[in-house]
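Undergrad: Residues per chain, in single letters:
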Amino acid sequence: MKSKLIIAIAAMGITVLFSSCQKVPQAEIDAATASIQEVKDAGADLYVPEAYQALVDSMKSANEKVEVAKAKWFPSYTKAKATLAYVSQAAVDTKAKSEARKVELKAETTTMIGEVKALVEENKALIAKAPRGKEGREALEAIKSDLAVAETTVTEVEGLLANGDLLGSNSKIKAAKEKATSIKAELEAAIAAKGGKK
Amino acid sequence: MALNRKKIKWIVVILSSVIFLVITVCVIIVSQRDLPNDDLRKAREALSEAKEAEADVYSDTKYKQATQIYELGMKNWSRENDRFILVRDYTGVISSARKAKKIAEESKEESIAKADDLSKNVDAAFVSMEKKIELYNKLFKNLPIPKSVFDAHNKSKMFFSESKIAQGNGKLKDAEILFKKAEIYANHANTAAAKMLRDFFNDFGRWKNLANDAIAASRGGNKVILVDKVAHILYVYQSGKSIRSYDVEFGANWMARKEVAGDKATPEGNYHITSKKDGGSTAYHKAMMLDYPNGEDRVHFAQMKRQGLISRRAGIGNLIEIHGNGGRGFDWTTGCVGMRDRDIDDLFRVVGSGTRVTIVGSIEPLSTVTGGVDF
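Protein chains in written order, with our numbering: chain A, 752 to 949; chain B, 933 to 1307.
Any given hint could be a false lead.
[Unchecked claim] Pair by pair, the computed Cβ-Cβ distance ranges are:
#1 A:Thr861 with B:Ser1299: 19 to 27 Å
#2 B:Lys996 with A:Glu892: 44 to 52 Å
#3 A:Gln840 with B:Trp942: 56 to 64 Å
#4 B:Gly1211 with A:Ala879: 52 to 60 Å
By construction, these hints were calculated from the structure, which means they are not laboratory data. All C-beta atoms, glycine included, are put in the ideal place defined by N, C-alpha and C.
Next comes chain A alone, as it looks inside the complex (with noise of 0.2 Å):
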């Protein structure tokens, strides 16, 4: 009677035992995984690169987490789960945090686009009455020249927005923006300087 008693008792201990043992989250591990490339593919890593740095290095963290607790007599992946939780949302705020930072450029360089256009106008209207002469020739041939870079890159501005490089498209309408009002400046300040000769 004893002996079964043993025997019962170690079974039980036994079973404690296993039941303790926990599996790796492989499915949790995968999903966070996946959830980063996805946010990889959406173009996470240039559009909102601090946010996705912070998403990889939870994963990361995640991924010792498993390991510390596989190193254990008995694993737990408590811990391990909620960071791999905390991966998989986060990922998801990542992708849509990304996806409004391309919408926002994409609005940026498009309004850029028909500032400058508006700006090619207004400045070739103006150079219709800015002073000529011997210097007013030097400086209207440079003006002209700066003016057609600005006009050309508003083309190839359009080109790389519809191939979807939204970063390359906006700093150059950037450049295209701060030129062509520059232009604008220095017309103005020349037809100002001529009408205050009169």
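Let chain A serve as the given structure and place chain B on it in line with the hints.
TA: What follows is chain B alone, placed relative to chain A:
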């Protein structure tokens, strides 16, 4: 039976003691073993800091190396964890983690130093680029340069602007890449334009003789017109001195030597005013017709034709005038010398038919024209 019970009891006690002893030894072994989690966490944090310092951009080799070692460490940790608990060995994992941390830290330092150097280089490069653009604006922008050269200059300016924007955004590597593109275009534009200017001044000896002859011809009291194409100035000389000067404009291709009709080049050489026109006889307010082509132009034209350098059907051109309607601020004529109406009114009063008109590329040498600027 009693013996058996006693025996069993002893066996249980001994077995329990052995199991307890084994478990105790195992627990001691395992607890004494160094785990790699702290080292790997530190390596990960070092990598993260390196990335923040843009080590993946400025110290990419070391950063990649550190990342690979960290990943290898993680892989080995997982592999060791898959082994039986008592035979796990984390020494290699810990070593990898420490190595990854060390290299990540080095890569961060290298990145900061390189970014700093790059920042200085980009600043210096921007100064050099500004000088190139300034040189172009000073020496070449008013020359009738080919479209390809003009386009190269414009592209260089655009890439330069983009480079400055990238620098402003702290993207130094991008700024450097864009700057290099700008530099390639600027060098192309400046080299081509400089060659054009130097080639043009190959005729300076001839121009100097022509100008000296013209000035000498004015010494007897005769008025002589001397036109300097580079300076865009028409001088009236009398008794060896300049008594008048006016700003003038030419054809779009003014640097070229006139060779055929319609080439928009302004001829160089000695000519004379053959007639003066005003009122309804000219569309240009007032005009003075020159005797282009002269004998030398005809010889040159025939030679070019013989050598097949110009079309057989090409004509030599004529009707080169000094006329009004100018002051437009650019070179717009078809090869004539354009003046402001008020200037040609004045010139009309000063010179008459038969006046010698000498047109030269420049009366000043290249070094003077460029103001001693090295290009």
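Undergrad: All the hints need checking, so say for each whether the structure fits it.
TA: Against the structure, the hints:
For the pair Thr861 of chain A and Ser1299 of chain B, the supplied restraint of 19 to 27 Å is violated, since their beta-carbon distance comes to about 51 Å. Distance hint check: the CB atoms of Lys996 of chain B and Glu892 of chain A are about 50 Å apart, consistent with the given range 44 to 52 Å. About 59 Å separates the C-beta atoms of Gln840 of chain A and Trp942 of chain B, a value consistent with the hinted range of 56 to 64 Å. Checked against the given bound of 52 to 60 Å, the beta carbons of Gly1211 of chain B and Ala879 of chain A, roughly 30 Å apart, lie outside it.
Going down the numbered hints, you'll see the structure goes against 1 and 4, while the others check out.
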